[in-house]
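Participant: In case you want the letters, here they are:
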Amino acid sequence: ENLNETSSSKNPQLAMSGRRYDGRTTTFSPEGRLYQVEYAMECISHAGACTGILTKDGVVLAAEKKVQSKLLDQEHNGAPSDVSSEKMFKIDDHIAVSVAGLTSDANILINHARIVAQQHTFTFQEPMPVEQLIQTMCDLKQVYTQYGGQRPFGVSFLYAGWDPHCGFQLYHSDPSGNYNAWKATAIGGANDATTISLLKQEYKEDLTIDDAILLAIKVLSKSLDTTTLTPEKLEFSVLKPGQQATEAKFHILTPKEVTEYLDRAKAIREKEEAQKKKEEEEKGKK
Amino acid sequence: KRRRLTMADILLGVTGKDYVLLAADRSAARSIIVFKNDEDKILELDSHKLMATSGPQGDRTNFGEYIQRNLQLYNLANSVPLSTHGAANFARRELAEALRRSPWQVNSLIAGFDKKGPSLYYMDYMASMHKVDKAAHGYGAYFTLSVMDRYCVKDMSLEEGLSVLKKCIHELQTRFLLKCNSFILKVVDKDGTRIIDMDGNTVEPPKPKTFNKSDDSDSKADE
Numbered sequence: 007e008n009l010n011e012t013s014s015s016k017n018p019q020l021a022m023s024g025r026r027y028d029g030r031t032t033t034f035s036p037e038g039r040l041y042q043v044e045y046a047m048e049c050i051s052h053a054g055a056c057t058g059i060l061t062k063d064g065v066v067l068a069a070e071k072k073v074q075s076k077l078l079d080q081e082h083n084g085a086p087s088d089v090s091s092e093k094m095f096k097i098d099d100h101i102a103v104s105v106a107g108l109t110s111d112a113n114i115l116i117n118h119a120r121i122v123a124q125q126h127t128f129t130f131q132e133p134m135p136v137e138q139l140i141q142t143m144c145d146l147k148q149v150y151t152q153y154g155g156q157r158p159f160g161v162s163f164l165y166a167g168w169d170p171h172c173g174f175q176l177y178h179s180d181p182s183g184n185y186n187a188w189k190a191t192a193i194g195g196a197n198d199a200t201t202i203s204l205l206k207q208e209y210k211e212d213l214t215i216d217d218a219i220l221l222a223i224k225v226l227s228k229s230l231d232t233t234t235l236t237p238e239k240l241e242f243s244v245l246k247p248g249q250q251a252t253e254a255k256f257h258i259l260t261p262k263e264v265t266e267y268l269d270r271a272k273a274i275r276e277k278e279e280a281q282k283k284k285e286e287e288e289k290g291k292k
Numbered sequence: 106k107r108r109r110l111t112m113a114d115i116l117l118g119v120t121g122k123d124y125v126l127l128a129a130d131r132s133a134a135r136s137i138i139v140f141k142n143d144e145d146k147i148l149e150l151d152s153h154k155l156m157a158t159s160g161p162q163g164d165r166t167n168f169g170e171y172i173q174r175n176l177q178l179y180n181l182a183n184s185v186p187l188s189t190h191g192a193a194n195f196a197r198r199e200l201a202e203a204l205r206r207s208p209w210q211v212n213s214l215i216a217g218f219d220k221k222g223p224s225l226y227y228m229d230y231m232a233s234m235h236k237v238d239k240a241a242h243g244y245g246a247y248f249t250l251s252v253m254d255r256y257c258v259k260d261m262s263l264e265e266g267l268s269v270l271k272k273c274i275h276e277l278q279t280r281f282l283l284k285c286n287s288f289i290l291k292v293v294d295k296d297g298t299r300i301i302d303m304d305g306n307t308v309e310p311p312k313p314k315t316f317n318k319s320d321d322s323d324s325k326a327d328e
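Protein chains in written order, with my numbering: chain S, 7 to 292; chain V, 106 to 328.
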C-alpha cells in the first residue's frame with residue numbers, strides 16, 4: 007500500500023528526484039529506495055490481476071486474462087493442459103504458480119524453478135519443500151536488484167504448493183525478492199489493494215475448494231468491476247490432494263468447468279440481491 | 106584389493122518397532138598394526154540420524170564428516186529437517202558422483218527416525234543402496250547375517266533387538282579370526298540418538314582428551 011502512495015505516477019515531486027537515481031538498479035536513492043525495483047512493481051499493476059486462496063484441502067488460484075478473444079485456442083485443439091496456460095504454470099507435481107507481470111520474464115524464472123525442483127528430487131529422491139523452492143526463486147530475483155546492472159524481473163508470483171511438512175501453502179513473491187506466506191492474497195491489476203481488503207472480510211479458515219473458487223469469483227468480479235464474467239476473461243486452477251496422502255495434483259480448470267462455477271456464482275449473487283431487496287422492502291414498510 | 110580395505114571393520118544394524126540400533130567395532134587398524142581400540146565409527150548426522158562407516162581411516166572420516174556437515178548446513182538453511190530417506194539418498198548421490206572421479210572406499214549404514222518412523226539404509230562403497238530391516242558390512246556380515254535372519258522378528262522391542270545383537274557379537278567373538286573385544290552401540294528413536302551399553306543403559310559419550318598438564322597422566326614424560 008505504501009508503494010502505491012509514493013509511486014511516481016501518483017507523486018510527481020518524487021518522480022523528479024527519482025529520475026536522478028533510477029537509471030541503475032544498483033543505486034540507492036537518498037531516501038534509501040531502489041527505484042528500478044519500484045518501477046518493476048508498477049509494471050505489475052498494469053498486468054492481469056491474480057488471486058490466491060488457501061483452504062484446508064487445497065489452494066485455489068484465479069486470474070484475469072489480458073489476452074481475451076474467442077479466437078484463442080484455449081483448449082489446445084481439444085487437449086486441455088494441466089501444465090501451463092496464459093497465467094498458470096506447473097513447476098512440479100506439488101507446486102504451481104500464477105503470474106502477474108511480464109510473461110517473458112516469468113518464463114525464465116519458471117524454467118529455473120522447474121530445474122531446481124528436479125535437481126532436488128534427483129539428489130534427495132523426494133519432492134522439494136515448497137518454501138525452499140520459493141527461497142531459491144527469490145534469491146535469483148534479488149541478484150538483479152544488487153548486481154550486474156540488469157533490470158529486475160517484472161513479475162510477481164503467487165505460489166500454490168503442498169509438502170508433507172506444512173501441508174497446503176500459499177506464497178507471494180515480488181520483483182524485490184521478498185516473499186511472504188498468505189492465507190489469501192491478490193497481486194497485479196489496478197485494484198489489488200481493494201481485492202485484499204475484500205478477502206480480509208470474506209475469508210474463513212474452514213473454506214472448501216468449492217467455496218474458495220466462488221469467493222475468488224466474487225472478489226475478482228468486484229475488482230474487475232464487472233458482473234459479466236466468462237471463461238474468456240478468467241482462469242482458475244486448483245492444487246488439491248492426489249491419489250495418495252503424499253501427493254498433490256494440479257489442475258487448470260477447463261472453460262466448461264469455469265462456466266459451471268460462474269453460473270453458480272451468478273445464481274448465488276442473484277439470490278443474495280433478491281434477499282437484500284426483500285429486506286429493504288420490509289424495512290421500508292416498517 | 107579395494108574391497109578388502111573395507112572388509113575388516115564390523116558394522117551391524119537392526120530395526121525395531123520404534124528404534125534403530127547400530128553397532129560398530131572400535132578398533133582402527135591396517136595390515137598388522139592396531140592404531141587405537143576406542144575409535145567411534147558411528148557419526149551423529151543430526152539429532153535423529155546416525156551413520157556408521159567402514160573403510161580406510163581417511164576415506165571413512167572424510168566422507169562421514171562431509172555428509173554430516175552438509176546435513177547440518179541443510180538444517181540451518183531450511184526451516185524443515187531432511188527425512189532419513191532424503192539424507193540417505195543425498196549421501197548415496199555424493200558417493201555415486203565421486204565413484205568415477207575420486208571414489209571414497211566407504212561402506213555405510215544410515216539409520217534415522219522421522220515422521221515415517223525408524224528406517225535403516227545399507228549402502229556399499231559403490232553407492233548401491235537399499236532400505237532394510239537388518240544389515241551388516243564386511244567380514245562380520247558372513248557371521249552375523251544368518252544370526253539376524255534366525256532371531257530378528259518384526260516390531261522388536263529394544264530388549265529383543267539388543268539380545269539379537271548380543272548373539273551376533275558372541276558369534277563374532279567365537280568364530281571370527283580378528284579380535285573384536287569392544288563395540289560401540291548407538292540407538293536412534295523418537296527422542297534422538299544416544300550411546301548405550303549391552304544392557305540398554307545410556308552411556309555418557311567419551312570425554313575428549315584435554316591437554317592440561319595437571320590432568321594428563323603423561324605429563325611426567327614432558328618433565
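Be careful, since some hints might not be right.
A few chain S residues facing chain V, derived, Cβ under 7 Å [stated by the list, open to error]:
1. GLN125
2. THR129
3. PHE130
4. GLN131
Honestly, the hints are just simulated from the structure, not real lab data.
Beta carbons are placed, not taken as given, at the ideal position from N, Cα and C, and that holds for glycine.
Participant: Now look at each hint and say whether the structure bears it out.
Facilitator: Cross-check of the supplied hints:
Restraint check, GLN125 of chain S versus chain V: the minimum CB separation of about 10 Å is more than 7 Å; hint violated. Among the interface hints, the one on THR129 of chain S holds; its C-beta lies about 5 Å from the nearest C-beta in chain V, closer than the 7 Å criterion. With a cut of 7 Å, the hint placing PHE130 of chain S at the interface with chain V holds, because the nearest CB-to-CB distance is about 4 Å. Using the Cβ-Cβ criterion of 7 Å, the hint placing GLN131 of chain S at the interface with chain V is satisfied: the shortest such distance is roughly 4 Å.
When each numbered hint is compared with the structure, a violation occurs for hint 1 only.
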